[in-house]
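One line per chain: the protein sequences are A and B, in this order.
Counting from 1, position 55 in the first sequence corresponds to residue 1486 in my numbering; the numbering is continuous, with no gaps.
Counting from 1, position 176 in the second sequence corresponds to residue 1437 in my numbering; the numbering is continuous, with no gaps.
Don't read these hints as lab results, they were simulated from the structure.
In this text the structure is predicted, and so the values were computed from the model without any measurement.
Be a bit skeptical, because a hint or two may be false.
Here chain B is said to cover these stretches of chain A; the calculated rule only asks that three of the stretch's residues, wherever they fall, bring their Cβ under 8 Å from a Cβ of chain B [stated by the list, open to error]: (1) 1476-1485; (2) 1490-1499; (3) 1507-1521.
Listed next, the in silico SDA-like pairs over lysine to any residue satisfying Cα-Cα at most 25 Å (straight line) [said to hold, decoys possible]: (4) K1795/B with L1511/A; (5) K1770/B with L1835/B; (6) K1400/B with P1382/B; (7) K1795/B with P1510/A; (8) K1811/B with K1400/B; (9) K1795/B with M1595/B; (10) K1478/B with G1360/B; (11) K1768/B with S1514/B; (12) K1795/B with G1517/A; (13) K1795/B with A1515/A; (14) K1795/B with R1518/A; (15) K1504/A with S1514/B; (16) K1795/B with K1504/A; (17) K1519/B with V1550/B; (18) K1795/B with D1514/A; (19) K1770/B with G1724/B.
Glycine included, every Cβ here is placed at the ideal spot set by N, Cα and C.
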Amino acid sequence: MRTVLFLMAALAVMGLAFWSYQENYQTRDALGEVRSLHAQIGANHERLGMLRAEWAYLNRPDRLSDLAELNFKRLGLLPLMPDAFGRVDQIIYPLPDVLPIIVPIEVDSAPVPAGEDAL
Amino acid sequence: MIRTPLRPLARILKARERGEDTHAIEAENLRLRHETMRDGARLRAEGRLLVLGAMFAIAFGTIGMRMGALASTAPQEPQAATRGNPIIGQRSDITDRNGRILATNLETHSLYAHPRDMVDPDHAASELVKIFPELKHDKLLADFTGDRKFLWIRRQISPEQMQAVHDIGSPGLLFGPREMRLYPNGAIASHILGGASYGREGVASAEVIGVAGVERKFDERLRDPAREGEPLALSIDLTVQAAAEEVLAGGMSIMNAKGAASVLMDVHTGEIISMVSLPDFDPNNRPTVLTTGDQSDSPLFNRAVQGVYELGSVFKIFAVAQAMDLGLLNQDTMIDTKGPLQWGRFKIRDFHDYGAQLSATDVIVKSSNIGTARIAMQIGAERQQDFLRSLGFMQATPVELSEAPSGAPLLPRQWSEISTMTISYGHGLSSSPLHLAAGYASLLNGGTKVEPTLVRRDTAQSGPRVVRESVSTRARDMLRAVVTRGTASFGEVQGYAVGGKTGTADKPKERGGGYYDDKTISTFASVFPADDPKYVLIVTFDEPSENSGKKPRRTAGWTAVPVAAEMIRRTAPLLGLRPQVDTSEPIGVTLTSN
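Can you build the whole structure from these sequences, using the hints too?
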């Protein structure tokens, strides 16, 4: 009986050792993956920061007003002034849709006189 | 195992035959048996000792080797877990109230040299001079061939320059990563942002530290790793700020002014929506501080916060409002304005003679110094001081700028009765335009104190009460009357019911001894819409002169007011304020029933 117990204990130790060995290596793999992901996130962050800075630089008010002036003919953009506000009653009501033609009526009913070209 | 018998029969029998003692045989055999047993036991013990020794040797050997390995390798922290966001070393961005970027970081490189590793210093120096024309060939060559081991060449280089340096191919020229602070909008909001530069520098990285403005005030907050780069949202609105700068710069050139400042502030939250000081600078390339002369001539000088001036008649409303709050008068009380008012050797005069008396409203509308001085005499020095203190005029503004403490107001050394009288119309007490904005906001928002802030907040400040709500309403009506029929008639902006007060103060001579005749500080302090105040706007010009007429005009009504009106016209729509236009009855429509 004792031998069996010893054997079981030894087997359990071996099993645990094997398990912990595997866990250890899996953890290391995961950490490595996290490191590479962090590096990727870092690179993306840097890229994002650069893009944001570029966006902000391209949208700086000085440049936008210069562009609005250059393209005034095409776009007709003006600084926002108080008269740009409208009232609801200045907007026309939506036009009703044209009703579908259910009974077609002959419009061009006059016959073409003989001898004349119908062009 | 076959045991050797202790009394082998053959030998016993033989011994008995010979009559010998058989015990001797037994003893002999026993001895032999014991010897064999002893030998076996010794062998086993020796084997065990050997195994034990080997085990110890292996254990100590392992420990020893591990120690050796640990001692000889570079230190590394054992890592069993990983943190959240790895990108936390960066300085946070600064954004405006809508999240548009005002300051951000860029990755660049620095260039340094190890002259000992250089193969051809002469070639490297001449190539470097081609890339960076500001470097001197002789000096570089002397550095490269001297006994220096390390040398910074440039703190920041662009990617193109980096490639060009790379192409030189010298092993002694090296690059280090650098973070650079970038202000993409250029000079816009330059005085608010301040600027940044490098603190401690290393090859691998450099510390970016704020040197002025918000960058310096919030340096800790911006660099705090626990914030994980969360941007700092200011109360500034970039679009409004840009429009205000454009209008003010235009106004400054038309009015031939030396400098100008404007502050636009939310009356309820105390948020500064835009704050402009001209001339300004580019924070990406911050000019150096003046070492000689007057600091206020430097573009770095923030006139809106640091520029303390006697602001003139804009202060009159405080005296009248306080008198109304104390119950000394109401808006229709007649005030004696017969001039000149003599006090000791001083004489107080008005710009024009306004007759024997004016109503309190007209004292403001016509801007009578004599009337205000008489009201101030009724209030008295002590109560006036308390009131101005409650509006924040006795100390530097608490705004979040590193320069704010240098904008402390200049108060009279002795607050005598004549000081009380002159301060009531804005002379003898110097304060910054921001002080004035905070004072107007506190007075007109319903009468509770607000403190100016540059950090975005969404709730109104609930400060201590300064004046009663009814007084605040009447003060607004008076300021509105100044625009509709008083000194600020150019300030009318259709739809926005602007109210305000002009102030023109002669500049005191720098060396003392009176005031200049031809140099003024012209200020317009306004509030809009006057029936339900949302914003106060202060516009100040330093030494303006409007030269379209025969004589140069320097009063605020001709200089600051039209510019402020234009600024309201441009910025109010951007702030989402709808003009309130009286709509007449629709033409051609007759009501047939109600």
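Holds or violated: K1478/B to G1360/B, with C-alpha atoms at most 25 Å apart: holds, 20 Å
Coverage assertion for the region 1507-1521 of chain A with respect to chain B, Cβ distance below 8 Å, three residues required: holds (count 8)
Within 8 Å of chain B's CB atoms, at least three CB atoms from the region 1490-1499 of chain A: coverage verdict: holds (count 5)
Hint consistency between K1811/B and K1400/B [alpha-carbon to alpha-carbon, up to 25 Å]: violated, 60 Å
Pair hint outcome, K1795/B versus P1510/A [Cα-Cα no greater than 25 Å]: Given that 25 Å is the threshold and the Cα spacing comes to 22 Å, the pair holds.
Pair hint K1795/B and K1504/A, alpha-carbon separation not exceeding 25 Å: violated, 36 Å
Restraint check for K1795/B with M1595/B, where alpha carbons must lie at most 25 Å apart: violated, 31 Å
Given hint V1550/B paired with K1519/B - CA-CA distance at most 25 Å: holds, 19 Å
25 Å Cα cutoff - pair K1504/A, S1514/B: Violated, at about 28 Å.
Given pair status - G1724/B, K1770/B, alpha carbons within 25 Å: Judged against 25 Å, a Cα distance of about 38 Å means the pair is violated.
Given coverage of the region 1476-1485 of chain A by chain B, checked by CB-CB distance under 8 Å (3 or more): holds (count 6)
Restraint status (C-alpha distance of K1795/B to L1511/A at most 25 Å): holds, 19 Å
In this structure, the hints that do not hold are numbers 5, 8, 9, 15, 16 and 19, in rising order.
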